Amino acid sequence: MIENAWLIPLFPLVAFILLIAFGRRLKESSAWLGILFTLGAFLLSVMTLFERLRLDHSASVVVDWLQIGDHLITMGYEITPLNALMLFIVSLVSLLVHIYSRGYMDGDDRISVFYAYLALFTFSMLGLVIAPNLLQVYIFWELVGVCSFLLVGFYFYKPEAKRAARKAFIMTRIGDVGLFVAMSLLFWQVGSFELAAIFTAVENNELSAGLITLTAILIFVAAIGKSGQFPLHTWLPDAMEGPTPVSALIHAATMVAAGVYLVAVMFPLFEASPAAMNTVAYVGGFTAIFAASIALVQNDIKRVLAYSTVSQLGYMMLALGAAGYVAGTFHLMTHAFFKALLFLAAGSVIHALHKQNIQEMGGLSARMKWTAALFFVGCLSIAGIPPFSGFFSKEEILLTVWQDGRAGLFIVAVFTAFLTAFYMFRLFFLVFSGESRSRDMNQVKESPSVMMFPMLILGILAVGSGFVHTHWFGTFLGDWLISGPASTYGAQAHSETWILILALVVSLLGIGLAYLMYAKRTWDHRALAERLPLAYRVLYNKYYVDEAYRYTFVSGLRGLGIFLNFFDRYVVEGVLRLIHGIMTGIGTVGAKIQNGQVQVYGITMVCGLVILIIGFIMAGGYLR
Amino acid sequence: MTSVPLNAYLIVAAILFCIGLYGALTKRNAVIVLLSIELMLNAVNINFIAFARFGLYPGMIGQVFTVFTISIAAVGAAVGIAILIALYRNRGTVNIDEMDLLKR
Amino acid sequence: MNGELLIFLILAVTSIGGGILMLNLTKVVHMVMALAFTFLSIAGFFFMLEAEFIAVAQILIYGGAVTIMMLFGIMLTRHNDQDESRKRGLKWIAAIGVVAFFVLIVLAIDGINWMPEETAFVENNTAQIGLYLFGHYVIPFELTSIVLLVGLVGAIILARRDRKLNKEGEAHD
Numbered sequence: 002m003i004e005n006a007w008l009i010p011l012f013p014l015v016a017f018i019l020l021i022a023f024g025r026r027l028k029e030s031s032a033w034l035g036i037l038f039t040l041g042a043f044l045l046s047v048m049t050l051f052e053r054l055r056l057d058h059s060a061s062v063v064v065d066w067l068q069i070g071d072h073l074i075t076m077g078y079e080i081t082p083l084n085a086l087m088l089f090i091v092s093l094v095s096l097l098v099h100i101y102s103r104g105y106m107d108g109d110d111r112i113s114v115f116y117a118y119l120a121l122f123t124f125s126m127l128g129l130v131i132a133p134n135l136l137q138v139y140i141f142w143e144l145v146g147v148c149s150f151l152l153v154g155f156y157f158y159k160p161e162a163k164r165a166a167r168k169a170f171i172m173t174r175i176g177d178v179g180l181f182v183a184m185s186l187l188f189w190q191v192g193s194f195e196l197a198a199i200f201t202a203v204e205n206n207e208l209s210a211g212l213i214t215l216t217a218i219l220i221f222v223a224a225i226g227k228s229g230q231f232p233l234h235t236w237l238p239d240a241m242e243g244p245t246p247v248s249a250l251i252h253a254a255t256m257v258a259a260g261v262y263l264v265a266v267m268f269p270l271f272e273a274s275p276a277a278m279n280t281v282a283y284v285g286g287f288t289a290i291f292a293a294s295i296a297l298v299q300n301d302i303k304r305v306l307a308y309s310t311v312s313q314l315g316y317m318m319l320a321l322g323a324a325g326y327v328a329g330t331f332h333l334m335t336h337a338f339f340k341a342l343l344f345l346a347a348g349s350v351i352h353a354l355h356k357q358n359i360q361e362m363g364g365l366s367a368r369m370k371w372t373a374a375l376f377f378v379g380c381l382s383i384a385g386i387p388p389f390s391g392f393f394s395k396e397e398i399l400l401t402v403w404q405d406g407r408a409g410l411f412i413v414a415v416f417t418a419f420l421t422a423f424y425m426f427r428l429f430f431l432v433f434s435g436e437s438r439s440r441d442m443n444q445v446k447e448s449p450s451v452m453m454f455p456m457l458i459l460g461i462l463a464v465g466s467g468f469v470h471t472h473w474f475g476t477f478l479g480d481w482l483i484s485g486p487a488s489t490y491g492a493q494a495h496s497e498t499w500i501l502i503l504a505l506v507v508s509l510l511g512i513g514l515a516y517l518m519y520a521k522r523t524w525d526h527r528a529l530a531e532r533l534p535l536a537y538r539v540l541y542n543k544y545y546v547d548e549a550y551r552y553t554f555v556s557g558l559r560g561l562g563i564f565l566n567f568f569d570r571y572v573v574e575g576v577l578r579l580i581h582g583i584m585t586g587i588g589t590v591g592a593k594i595q596n597g598q599v600q601v602y603g604i605t606m607v608c609g610l611v612i613l614i615i616g617f618i619m620a621g622g623y624l625r
Numbered sequence: 180m181t182s183v184p185l186n187a188y189l190i191v192a193a194i195l196f197c198i199g200l201y202g203a204l205t206k207r208n209a210v211i212v213l214l215s216i217e218l219m220l221n222a223v224n225i226n227f228i229a230f231a232r233f234g235l236y237p238g239m240i241g242q243v244f245t246v247f248t249i250s251i252a253a254v255g256a257a258v259g260i261a262i263l264i265a266l267y268r269n270r271g272t273v274n275i276d277e278m279d280l281l282k283r
Numbered sequence: 658m659n660g661e662l663l664i665f666l667i668l669a670v671t672s673i674g675g676g677i678l679m680l681n682l683t684k685v686v687h688m689v690m691a692l693a694f695t696f697l698s699i700a701g702f703f704f705m706l707e708a709e710f711i712a713v714a715q716i717l718i719y720g721g722a723v724t725i726m727m728l729f730g731i732m733l734t735r736h737n738d739q740d741e742s743r744k745r746g747l748k749w750i751a752a753i754g755v756v757a758f759f760v761l762i763v764l765a766i767d768g769i770n771w772m773p774e775e776t777a778f779v780e781n782n783t784a785q786i787g788l789y790l791f792g793h794y795v796i797p798f799e800l801t802s803i804v805l806l807v808g809l810v811g812a813i814i815l816a817r818r819d820r821k822l823n824k825e826g827e828a829h830d
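Protein chains in written order, with the working numbering: chain Y, 2 to 625; chain X, 180 to 283; chain R, 658 to 830.
Take the hints with a grain of salt, since some may be wrong.
If you only want the chain X side, here are some residues facing chain Y, beta carbon under 8 Å, derived [unchecked claim]: (1) Ala203; (2) Thr205; (3) Ile275.
No wet-lab data here; the hints were simulated from the structure.
These figures come from a predicted structure and were not determined experimentally.
Idealized CB from N, CA, C, for every residue including glycine.
Using the sequences and the hints, build the whole thing.
Now the structure itself:
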């Protein structure tokens, strides 16, 4: 099966083509078409994963694509353990979101377009995770960016959605430039886009240390853009204007994880440069605590989840930066499951209420039992309560960071875990417990089973997926991930009981605080906000990062734009208008001459003859 | 022997040619246009004859060519008048302004 | 000032005057008559240049046949026609073009720097032309006769195509 892995991305591609071609006629049934093809891709991915589990070498197929001078550019695919795992995650979440969307997007006129975009995204993402060379990575990297743009702007008639789509595209583009430059630099130095060739060159010390650091940081810039790390994180919360299934699939589980994936794939390069590792770790750690603190006070259910995503991605980066290849990848997987679950549950709430402000919700657990239960599972998982999956992956990260030896980062990670538990349960209590703060709660119904089914699957995975790698039974996932010839992926962390207990205590503290403030209301959170007005306002306005960008980059560029606009309008266009006027004048005169009268033609000929003769005389120098 | 130089003949011929050209380009009546063209041909004939007498290689050839020119010009005039009459019958005018079939 | 120059000047004045009259008269018939003067003056130039045969042919063909034919043409079309002025702008452009052309020609004539030598008086001018025409230039001569024939037939066909309306077309050819 593994030699046919290249078929996996083709399934959604075929679905995309079919949906674009016949979508209008298929209407509602286009959803089933999309689901069917994604199911095909998923089944193949599962088979590939199992086959790869048994093998002890990576399967890779490469065909020549272009011969440029001495350089051969190839296309192909490679199934490393990481790739197989990503294939599985992406196709699974994609399949579940496809099914979920059938219920969520029910009745939308453009449902076939939606499914076409989803299929295109699935294709790009699957293509991205099996790419064996940087060029292919870059191509699919841009494709997922385009799909994200299309899907965020799916409700293009809403101005916020339009703006958000534009912002998402531009912000990620800034990062993509980094990838492009890094790719070009590596090709220039190594002469190949192949990852294997690059790693070999790194291992053999063919590249200078400065160049390695530079390219690694440039690649990390791309990851920053895609994964919403500080300072390019602002697009991700805005991207929540898209339909909720899209947020779940793209902006929580898969695409934003592409940045983490990219760093993981390029891990040997990063490992060769301590400076790059430091950058990754510190940016990740800062983003984790920074986004978590913003999430504390947000009122939009999806925005809280978005900042939580940013924070968790920062966590993964922190793990990778601390040489925790296994920890980062493991958390990527568990996060994909529980964050997709949380988003889908949030989507279920939004679907029922048509509201996103959590201050207007409350008491939903009575009416939406299943959603509440699944959301609770997701919250427990992300907060890191055993035996939920988040506990294991988070513990792995904490272990890794501790054993990497940077105490500051470890404290940040622990504190972030506390914040995470707190804001997730604040969200949960505000939405599901207590009294309803809205009048029209009576019509609220549980979502249809087509939406509940994917949530259920994800719920099971959120509970169970942690067991593939625990220090209790065995670190199967980690052993498998770092198996194979490339043993440069760092050592695995050893279990330390006190860290395990610390993580648990911290999470429970966060949950308890949230319970006291938002469920029991022993301490009124409003009083706290009033006591610390400045801090509250800063957090509520997301540290004014957007405003800072607006007053620096945006207004600077706008000034430049105004200047260029004037330049264009008055200088360039003036010249053009002059040329255009001359041409029009000649044309008008020419048209007037062409009136069919022989004499006018004769006059023209005589004048032309005179001009010709004068020209010849001048050229010949006879006229002095 | 003669006191009239070649240049005088050439200049008179040029003046006549230009008068003919101007007439051919501006007159509205087709008959006059034809006649102006004949005048231009005649101006050329003067040049032929003048060069036959004063040229670098004087001789009879200029005169012989003039004979050809005159006969061909006569044919042109006859056919031109015939065309004019046919046109007049079809369109009721010999006004050149109104003959703009070339436009179509 | 000798007699020859005087005659040249008189002929020049009549020929150019006829041309200018042609340009400025309003009645079409008058224009044709003015041009007849020009043609006759040109015949005079030919005499002065010792080309008697051409001169006589000029009088016969231009002074007689072509002028008469043009008059017939006018009579058969719109005999009391007057030539109204055309659009002024085009007239000016044509005038500028023609004057520029004239200036160029005069410059070119002025630039002739070889001293033209007068040939000796050619005796039996007419006989010489005959010898050339039927000797060296016999093929062009025969071709010219064919052209004349074709022109004759063509003119007749063109002019008398529509038999019902009028048959005057045959009258002059």
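Non-conforming hints, listed in increasing numerical order: The structure breaks none of the hints.
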